[in-house]
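K.L.:
Heads up: the protein sequence lines correspond to chains X and P, in order. Here the first sequence stands for residues 1 to 92, where the numbers follow the UniProt record's numbering. Here the second sequence stands for residues 1 to 273, where the numbers follow the UniProt record's numbering.
Source of the hints: derived by calculation from the structure; they are not laboratory data. Don't take each hint at face value.
What the hints assert, rightly or not - Simulated DEER-style distance windows between Cβ atoms: (1) Glu167(P) - Leu65(X): 17 to 25 Å; (2) Leu46(X) - Ser160(P): 25 to 33 Å; (3) Ser160(P) - Asn62(X): 18 to 26 Å; (4) Asn77(X) - Arg253(P): 41 to 49 Å; (5) Leu217(P) - Cys71(X): 52 to 60 Å; (6) Ser67(X) - Ser256(P): 42 to 50 Å.
What the hints assert, rightly or not - Computed list of lysine to aspartate or glutamate pairs in EDC-like fashion (alpha-carbon distance at most 20 Å, straight line): (7) Lys19(X) - Asp197(P); (8) Lys19(X) - Asp189(P); (9) Lys12(X) - Asp189(P); (10) Lys3(P) - Glu81(P); (11) Lys13(X) - Asp191(P); (12) Lys3(P) - Glu248(P); (13) Lys19(X) - Asp188(P); (14) Lys162(P) - Glu125(P); (15) Lys33(P) - Asp108(P); (16) Lys162(P) - Asp136(P); (17) Lys12(X) - Asp188(P).
Small disclaimer: the values here were computed from a predicted structure and weren't measured. Using N, Cα and C, we set each Cβ at its ideal position, and we do this for glycine too.
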Amino acid sequence: MKLLDFLKGERKKSASVAKERLQIIVAHQRGHRGQPDYMPMLEQELLEVIRRYVKVEQDAINISLDSDNDCSVLELNVTLPNEAEAKAAGKR
Amino acid sequence: MAKIIVVTSGKGGVGKTTSAAAIATGLALRGNKTVVIDFDVGLRNLDLIMGCERRVVYDLVNVIQGEAGLKQALIRDKRTENLHILPASQTRDKDALTLEGVEKVLADLADEFDYIICDSPAGIERGAQLALYFADEAVVVTNPEVSSVRDSDRILGLLSSKSRRAEQNRDPIKEHLLITRYNPNRVDDGDMLNLDDIREILAIDLVGLIPESEAVLRSSNQGVPVIHDDKSDAGQAYADTVSRLMGEDVPLRFQSAQKKGLIARMFGGGGRR
Chain X
1 MKLLDFLKGE RKKSASVAKE RLQIIVAHQR GHRGQPDYMP MLEQELLEVI RRYVKVEQDA
61 INISLDSDND CSVLELNVTL PNEAEAKAAG KR
Chain P
1 MAKIIVVTSG KGGVGKTTSA AAIATGLALR GNKTVVIDFD VGLRNLDLIM GCERRVVYDL
61 VNVIQGEAGL KQALIRDKRT ENLHILPASQ TRDKDALTLE GVEKVLADLA DEFDYIICDS
121 PAGIERGAQL ALYFADEAVV VTNPEVSSVR DSDRILGLLS SKSRRAEQNR DPIKEHLLIT
181 RYNPNRVDDG DMLNLDDIRE ILAIDLVGLI PESEAVLRSS NQGVPVIHDD KSDAGQAYAD
241 TVSRLMGEDV PLRFQSAQKK GLIARMFGGG GRR
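Please work from the sequences and hints to get the whole structure.
P.N.:
Dropping the structure here:
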């Protein structure tokens with residue numbers, strides 16, 4: 001079927017594009033659901049602090065707050081660039 | 001004890017008021033004492049859809065602020081027994097609604113009615129939050145279209161966090177998906193999200209599927225909830241929806257394209273009734 005579509009030069013149906021886009025955005029929204037209102041600010045400021053020492057991209061940080069009954073865990077995930085990339089970035 | 005059902009969506013123009021009017025009317029037609037409340041303060045429209053716009057004297061804000069009694073503000077529906085409408089104010093802004101005020105009105109209504117239907121305003125601001133705060137169940141009205149589906153997901157987030165049931169750690173609000181303006185022909189062409197896609201993305205149970213229908217505009221023109229048009233596809237689809245809300249197991253209709261007969265094709269002639 002895919003091959004046939006290709007041969008006929010048909011573009012992807014718009015509804016399946018819509019579905020893929022929605023799946024991504026809804027998953028993202030749900031990741032942020034129920035978190036405290038200060039989380040976006042906290043994320044931004046933490047990123048600024050880290051960037052004073054290491055050159056990381058805007059989207060290289062991932063922060064989440066999980067809470068069980070009596071214990072909350074703030075998880076911070078930062079993807080640091082590897083050495084070569086960091087040096088290249090430093091020269092720029 | 002009355003069941004409080006909010007009809008909500010996030011996005012505007014998807015059919016909240018049409019659905020609230022049809023569902024409330026349907027519940028009353030099935031013998032339930034039902035009241036439908038317009039929470040869209042400043043932009044009331046439920047009265048128009050219900051056809052009682054010229055009989056509005058007092059409204060929800062008057063009741064909350066103690067300027068009128070609940071009995072004075074309730075409008076008895078002319079066509080349907082057991083059905084009352086509590087209109088929104090046309091003039092005041094949304095700050096006129098208070099949490100305590102809404103709670104008191106709902107508590108008073110709960111003594112009299114079996115079902116309280118709350119017609120939410122669009123958006124996720126105060127008016128929408130108050131409309132859903134006290135709900136036991138929610139009907140999330142969604143069009144097969146990206147912005148509507150995304151906004152419905154935002155509303156699902158609010159239902160699970162900013163409601164009385166959530167704050168008191170009670171059983172969560174029961175969430176129902178109501179898909180409106182569904183066009184099976186466009187789904188078949190691959191240009192409209194299909195039923196299962198929307199269900200899969202939002203991950204809640206489907207309570208009804210309302211096809212795009214000429215009957216909806218015809219009904220709103222006349223101020224008669226579309227469920228009264230029991231020959232129309234939309235009217236029948238809303239009747240099915242009401243049955244499911246009452247806990248009945250009704251098979252889904254109107255999800256596939258109707259094949260036009262030879263004569264209909266030859267003479268063209270409008271779409272679906």
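K.L.:
With reference to the structure, classify each hint as holding or not holding.
P.N.:
Here is what the structure says about each hint:
The beta-carbon spacing between Glu167(P) and Leu65(X), approximately 18 Å, falls within the hinted interval of 17 to 25 Å. Checked against the given bound of 25 to 33 Å, the beta carbons of Leu46(X) and Ser160(P), roughly 27 Å apart, stay inside it. In this structure the hint that Ser160(P) and Asn62(X) lie 18 to 26 Å apart at CB holds, the actual value being about 23 Å. For Asn77(X) paired with Arg253(P), a C-beta distance near 48 Å keeps the hint of 41 to 49 Å intact.
For Leu217(P) and Cys71(X), the Cβ-Cβ distance of about 55 Å falls inside the hinted range of 52 to 60 Å, so the restraint holds. For the hinted restraint 42 to 50 Å between Ser67(X) and Ser256(P), the CB-CB distance of approximately 45 Å keeps it satisfied. Between Lys19(X) and Asp197(P) the CA atoms are separated by roughly 7 Å; this keeps the pair inside 20 Å, and the hint holds. A hinted pair counts as satisfied when its Cα atoms are at most 20 Å apart, and Lys19(X) with Asp189(P) qualifies at roughly 15 Å.
Restraint check: the Cα-Cα separation between Lys12(X) and Asp189(P) comes to about 12 Å, which is no more than 20 Å; the hinted pair holds. Note on Lys3(P) and Glu81(P): the hinted pairing holds, with a Cα-Cα distance of about 19 Å set against a maximum of 20 Å. For the hint linking Lys13(X) to Asp191(P), the alpha-carbon distance of about 6 Å falls within 20 Å, and the restraint holds. In summary, the hint linking Lys3(P) to Glu248(P) is supported, as the alpha carbons are separated by about 16 Å, within the 20 Å threshold.
Simply put, Lys19(X) and Asp188(P) have alpha-carbon atoms about 15 Å apart, close enough for the 20 Å limit, and the pair holds. With a C-alpha separation of about 12 Å, the suggested pairing of Lys162(P) with Glu125(P) holds against the 20 Å cut-off. A threshold of 20 Å between alpha carbons decides the hint, and for Lys33(P) with Asp108(P) the separation of about 14 Å falls inside it, so the pair holds. The suggested pairing of Lys162(P) with Asp136(P) holds, with an alpha-carbon distance near 13 Å, which does not exceed 20 Å.
Proximity of Lys12(X) to Asp188(P) is assessed by CA-CA distance (about 14 Å); at most 20 Å being required, the pair is judged to hold.
Of the numbered hints given earlier, the model fails none.
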